[in-house]
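Quick note on my numbering: the sequence shown kicks off at 289 and runs consecutively.
Among the clues, some could well be false.
Just the calculated beta-carbon pair ranges, DEER-fashion [claimed, not checked]:
| id | residue 1 | residue 2 | range |
| --- | --- | --- | --- |
| 1 | L392 | T310 | 34 to 40 Å |
| 2 | T336 | L392 | 24 to 30 Å |
| 3 | S352 | L396 | 35 to 41 Å |
| 4 | E316 | P379 | 26 to 32 Å |
| 5 | L292 | L396 | 16 to 22 Å |
It should be emphasised that the hints constitute simulated quantities derived from the structure, not laboratory data.
The C-beta atom is built at its ideal place from N, Cα and C for all residues, glycine as well.
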Amino acid sequence: MENLEKALGDRVKTLRKLRGWTQENLAEQAKVSVQHVGEIERGDGNPTLQSLERLSKGLGVTVSQLLAVEEPEQERELLQGQVIDVVREMPTAELKLLQNVINLAKRLSLRVK
């Protein structure tokens, strides 16, 4: 059971960070306490079904997506799909800005290696 709790916590944390949110932001969106978010992310909490439903709504995913503890490749595919969905809705000006950010990130990552 401990591994499942840790995997759920990691999943919540990943989804939260993808949105650029703090634990406080997620707690506000999900209408749960900051302490509860922290406990879940550490794998210490034992969330109720109601908490899971609130977290999923706050994160903008379904409960099944929240509970989907994928292998790394599946996680990558899920992230790619989410990024593609966001990019499809972007106006041209934002796409150009995103392209510049991606190019800059590539250049910076080449320097770090």
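- For this structure, which hints from the list above don't hold up? 1, 2, 5
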